[in-house]
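Visitor: Here are the chains, one letter per residue:
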Amino acid sequence: MQNKTKFFDRSFHYALLVFVLTTLAVTLSVVVVLLNESSGFFAHVNLLDFLFGTKWTPLLEPKSFGILPLICGTFMIVIGAIAFALPVGLAIAIYLSEFASYNSRKRIKPILEVLAGIPTIVYGFFALTFITPLLKNIFPEIQIFNALSGALVVGIMILPMVASLCDDGFRALPPSLREGAYGLGAKPYEVIRHILLPASTSRIAATLILAISRAIGETMAVTLAAGATPNLSFNFLDSIQTMTAYIVQVSLGDTPANSIEYQSSYAVGLVLFIMTFFMNVIGNLVLAKKPLEAM
Amino acid sequence: MTEPIIKIEDLSIYYGEKRAINQVSMDFCNNEVTAIIGPSGCGKSTLLRSINRMNDFVVGLRNEGKVLYRDKNIYAEDIDESEIRRNIGMVFQKPNPFPKSIYDNITWGPKINGYKEDWEKLVEESLKRAALWDEVKDRLHSSALELSGGQQQRLCIARAIAMRPEVILMDEPCSALDPKATFKIEDLIHELKESYSILIVTHNMQQAARVSDRTAFFYLGDLIEYGPTKQIFELPKKDQTQDYIQGKFG
Numbered sequence: 032m033q034n035k036t037k038f039f040d041r042s043f044h045y046a047l048l049v050f051v052l053t054t055l056a057v058t059l060s061v062v063v064v065l066l067n068e069s070s071g072f073f074a075h076v077n078l079l080d081f082l083f084g085t086k087w088t089p090l091l092e093p094k095s096f097g098i099l100p101l102i103c104g105t106f107m108i109v110i111g112a113i114a115f116a117l118p119v120g121l122a123i124a125i126y127l128s129e130f131a132s133y134n135s136r137k138r139i140k141p142i143l144e145v146l147a148g149i150p151t152i153v154y155g156f157f158a159l160t161f162i163t164p165l166l167k168n169i170f171p172e173i174q175i176f177n178a179l180s181g182a183l184v185v186g187i188m189i190l191p192m193v194a195s196l197c198d199d200g201f202r203a204l205p206p207s208l209r210e211g212a213y214g215l216g217a218k219p220y221e222v223i224r225h226i227l228l229p230a231s232t233s234r235i236a237a238t239l240i241l242a243i244s245r246a247i248g249e250t251m252a253v254t255l256a257a258g259a260t261p262n263l264s265f266n267f268l269d270s271i272q273t274m275t276a277y278i279v280q281v282s283l284g285d286t287p288a289n290s291i292e293y294q295s296s297y298a299v300g301l302v303l304f305i306m307t308f309f310m311n312v313i314g315n316l317v318l319a320k321k322p323l324e325a326m
Numbered sequence: 021m022t023e024p025i026i027k028i029e030d031l032s033i034y035y036g037e038k039r040a041i042n043q044v045s046m047d048f049c050n051n052e053v054t055a056i057i058g059p060s061g062c063g064k065s066t067l068l069r070s071i072n073r074m075n076d077f078v079v080g081l082r083n084e085g086k087v088l089y090r091d092k093n094i095y096a097e098d099i100d101e102s103e104i105r106r107n108i109g110m111v112f113q114k115p116n117p118f119p120k121s122i123y124d125n126i127t128w129g130p131k132i133n134g135y136k137e138d139w140e141k142l143v144e145e146s147l148k149r150a151a152l153w154d155e156v157k158d159r160l161h162s163s164a165l166e167l168s169g170g171q172q173q174r175l176c177i178a179r180a181i182a183m184r185p186e187v188i189l190m191d192e193p194c195s196a197l198d199p200k201a202t203f204k205i206e207d208l209i210h211e212l213k214e215s216y217s218i219l220i221v222t223h224n225m226q227q228a229a230r231v232s233d234r235t236a237f238f239y240l241g242d243l244i245e246y247g248p249t250k251q252i253f254e255l256p257k258k259d260q261t262q263d264y265i266q267g268k269f270g
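Chains A and B, in that order, give the protein sequences.
So the first sequence is residues 32 to 326, counted in the numbering used here.
So the second sequence is residues 21 to 270, counted in the numbering used here.
To be clear, the hints were calculated from the coordinates, so they are not data collected in a lab.
Please note that a few of the clues may not be correct.
[Unchecked claim] These stretches of chain A come out as covered by chain B in the derived footprint (C-beta under 8 Å, 3 or more residues):
hint, region
1, 197-209
2, 215-226
[As the list claims (entries may be wrong)] No more than 20 Å apart at the CA atoms, straight line, and that leaves these computed lysine-lysine pairs for PhoX-like:
hint, chain 1, residue 1, chain 2, residue 2
3, B, K258, A, K218
4, B, K141, A, K218
5, A, K218, B, K136
Note that the Cβ used here is the ideal one computed from N, Cα and C, for glycine as well.
Model the full assembly from the supplied sequences, consistent with the hints where possible.
Guide: Here it is as structure tokens:
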């Protein structure tokens with residue numbers, strides 16, 4: 032009997048370990064595939080030309096593989112999305128944690144979660160058929176595919192995450208901190224501005240980094256809204272192409288496998304992977320640095 | 021008894037349907053230390069928090085009756101609750117300094133309330149009055165969170181003093197502190213009563229006996245007995261008070 036229990040405990044232990052190792056193996060093989068396929072690419076294209084080239088025309092003659100236009104496109108989406116989602120998300124979080132009654136909180140939170148559950152392709156159509164026409168009223172010269180619409184729709188997509196993480200951050204602050212501030216005759220605005228916001232800086236920074244990671248990785252909505260024109264113009268009214276949108280373009284097109292165009296999508300994927308990897312590392316460092324909440 | 025600074029008239033406080041304070045009337049005197057004692061759940065903290073409207077933040081809490089500060093009902097329509105809290109400061113159960121420097125902890129309250137001060141002087145005076153100056157004068161700009169628990173609590177007292185309140189409410193200020201830090205705070209309370217009226221809630225009867233001039237004994241939301249501390253501890257009039265003080269329940 033004793034032995035049987037022991038055997039069961041052990042097999043349970045190893046069974047769980049198998050799941051953990053599987054996850055690690057998948058991650059590792061993704062990295063291996065990325066490195067393997069891009070090494071073929073870098074055999075033909077100089078690394079420096081790739082990283083600092085300003086022209087990305089892999090599917091047209093003469094072929095040029097400078098990734099900067101794609102990085103530029105990606106960052107336009109990130110900057111635009113964050114510029115929208117961070118202030119709005121913070122405002123929602125402050126309202127939810129400091130002003131909303133228990134009942135209105137109970138109603139607003141599920142709405143935010145529904146927003147987070149909409150498939151990204153739907154957001155893409157929303158941008159194309161609703162946001163862009165709206166923007167055309169303000170900027171008549173705007174193109175049908177444009178960075179602004181893509182950035183806004185990504186902003187809307189990451190808004191629930193930003194709002195909910197910031198809200199968690201505020202609610203994690205000890206109530207005694209608020210009481211101390213109100214006890215000195217402070218008004219809600221002063222408590223939020225001088226006490227709650229500074230005390231949750233690290234949480235907000237971590238949220239920001241996670242939001243950037245998501246905006247970098249966002250694919251379908253951006254492909255649909257912002258188009259497929261690699262562009263180093265920094266003009267939000269123009270069509271651009273992001274790194275992810277390029278990978279979509281290659282996977283959907285009739286690019287023959289093992290051609291250099293095909294392999295270029297792996298090189299782009301590798302850059303994408305390195306970027307998000309460092310974002311996550313920085314995010315963890317920020318979270319570890321200031322343990323203010325531990326009071 | 022000197023002139024009362026706070027008068028409570030027929031105050032009842034409800035959490036939803038449950039009554040936490042039951043038609044209490046009592047006066048608190050100027051420049052005295054009044055201790056509120058009683059077993060857990062007797063409503064003593066609830067009563068204390070009703071005196072500077074800190075109960076406003078409790079969902080589902082309802083008041084009946086009046087709390088008069090300098091003969092004005094602090095629950096009247098035209099009262100600005102932040103003005104009440106400027107004049108009636110509070111020190112909480114757990115030290116809760118702001119995650120700012122020691123210096124900023126002292127100046128923040130007066131600054132947001134629009135005081136114009138010689139800030140250096142205000143910081144020094146407040147810390148001296150809270151008996152903390154000598155320990156922190158060389159590191160005023162380091163974080164308040166680096167201080168020990170007892171130092172943090174004295175900083176919270178200094179922060180309250182910097183507002184120049186008339187009354188200081190203390191909600192079990194020593195419950196999170198060790199005996200040595202507790203002794204320091206009690207010492208401080210003795211000195212502070214020269215300039216302030218102090219109301220202290222405590223579950224520690226020895227502490228009430230040591231620091232207060234008057235003691236109020238609460239049981240299940242009722243004010244059972246209220247009088248000079250010496251009399252309450254040596255010759256209580258009610259049996260319940262006597263039983264509690266002798267440690268028969270609590």
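Visitor: Now, for every hint given, state plainly whether the structure supports it.
Guide: Results for each hint:
With a cut-off of 8 Å between beta carbons, the region 197-209 of chain A has 4 residues touching chain B; three or more are needed, and the interface restraint holds. For a cut-off of 8 Å, the count of residues in the region 215-226 of chain A with a CB near a CB of chain B stands at 7, and the three-residue condition holds. The hinted pair formed by K258 (chain B) and K218 (chain A) fails the criterion: a straight-line CA distance of about 44 Å is larger than 20 Å. Simply put, K141 (chain B) and K218 (chain A) have alpha-carbon atoms about 25 Å apart, too far for the 20 Å limit, and the pair is violated.
For the hint pairing K218 (chain A) with K136 (chain B), the CA-to-CA distance comes to about 18 Å; that is within 20 Å, so the pair holds.
Of the numbered hints given earlier, the model fails hints 3, 4; all others are met.
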